[in-house]
Amino acid sequence: MSPLLLLSFALQIACCVHVVRTGRPLYWVFILLLFSFLAVIIYFIAEILPELRHHPSARRTVRSMRDRIDPDRDRRDAAKLLKAADTPANRRRLAEESLRSGDYAHASELYGQALKGLYATDPDLMLGLAKAQFGLGESAKARATLDALISANPSFRSVDGHLLYARAVEDTADAAAAIHEYEAVVQGYPGEEARARFGLLLKRLGEHARARNLFQEILDRSDAAPHYYRREQQDWIALARRELASLD
59 MSPLLLLSFA LQIACCVHVV RTGRPLYWVF ILLLFSFLAV IIYFIAEILP ELRHHPSARR
119 TVRSMRDRID PDRDRRDAAK LLKAADTPAN RRRLAEESLR SGDYAHASEL YGQALKGLYA
179 TDPDLMLGLA KAQFGLGESA KARATLDALI SANPSFRSVD GHLLYARAVE DTADAAAAIH
239 EYEAVVQGYP GEEARARFGL LLKRLGEHAR ARNLFQEILD RSDAAPHYYR REQQDWIALA
299 RRELASLD
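For the working numbering, count along the sequence shown from 1 and bump the result up by 58.
The hints are simulated quantities; they were obtained by calculation from the structure and are not laboratory data. Here the structure is a predicted model, which is why all the values come from computation and not from measurement. Even for Gly, the Cβ is constructed at its ideal location relative to N, Cα and C. Please note: incorrect hints may appear among the correct ones.
Straight line, CA to CA, 27 Å or less: simulated DSS-like cross-link-like pairs of lysine-lysine [what the hints assert, rightly or not]: (1) LYS261 with LYS199; (2) LYS199 with LYS174; (3) LYS174 with LYS141; (4) LYS138 with LYS174.
Computed beta-carbon distance windows for the label pairs [claimed, not checked]: (5) LEU139 with LEU62: 42 to 48 Å; (6) SER159 with ARG299: 26 to 32 Å; (7) ALA242 with ILE99: 49 to 55 Å.
Work out the full structure, taking the sequences as your base and the hints as a guide.
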């Protein structure tokens, strides 16, 4: 049997399985078995592609592929929108895209310009500014911005913002305060980054037993987690494994 026929057969079977598992109309099975490649293409366009467009994981994959091909596309589009209409929304979008692309200086400038008038204490803008400042290595400024954010918006909650605050406090050499912040943030942080960074801090401070416990907790949690979680957290899991080995 030729490789082309084998590929066609494999795709037909895969699509038929998809039909049954997802509860699609069974007439698709007969169409797929009768019309080979053409039916597979039609089925993909009609049934699978619309589903992928609304799936968060698929959207992230598509965006990741697009970013690899043209990493500056979204920032160019945002810059065009801001040039056409200098609105707070467009300025915010360009600031976010500049931050995402690693242009922290431009992001810091844009966030600073946006934090005026009605938006002077906007928590999302202040958090964006703190991220840009931290990216520039201005940890003290980032900490001050986050302190101002909480003072102006006491009910605002962000796990990423809390982790950023812990890192900024750590970078300003306030070890006791950093430990306090990490102890709080690891309780509700959805991934393993907070535990990993806390473990690294404790190791650097010579608290090896506590650091070892945190790295082991990362491995234990990942062993009990679904495959997709282990895949998403693989860098922090690998770090925990390396650090545990270095502490033995």
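Now the hints, each set against the structure:
1. LYS261 with LYS199: Judged against 27 Å, a Cα distance of about 26 Å means the pair holds.
2. LYS199 with LYS174: holds, 18 Å
3. LYS174 with LYS141: Measuring from Cα to Cα gives roughly 19 Å; hence the hint holds.
4. LYS138 with LYS174: holds, 22 Å
5. LEU139 with LEU62: 42 to 48 Å: holds, 46 Å
6. SER159 with ARG299: 26 to 32 Å: holds, 31 Å
7. ALA242 with ILE99: 49 to 55 Å: holds, 53 Å
Of the numbered hints given earlier, the model fails none.
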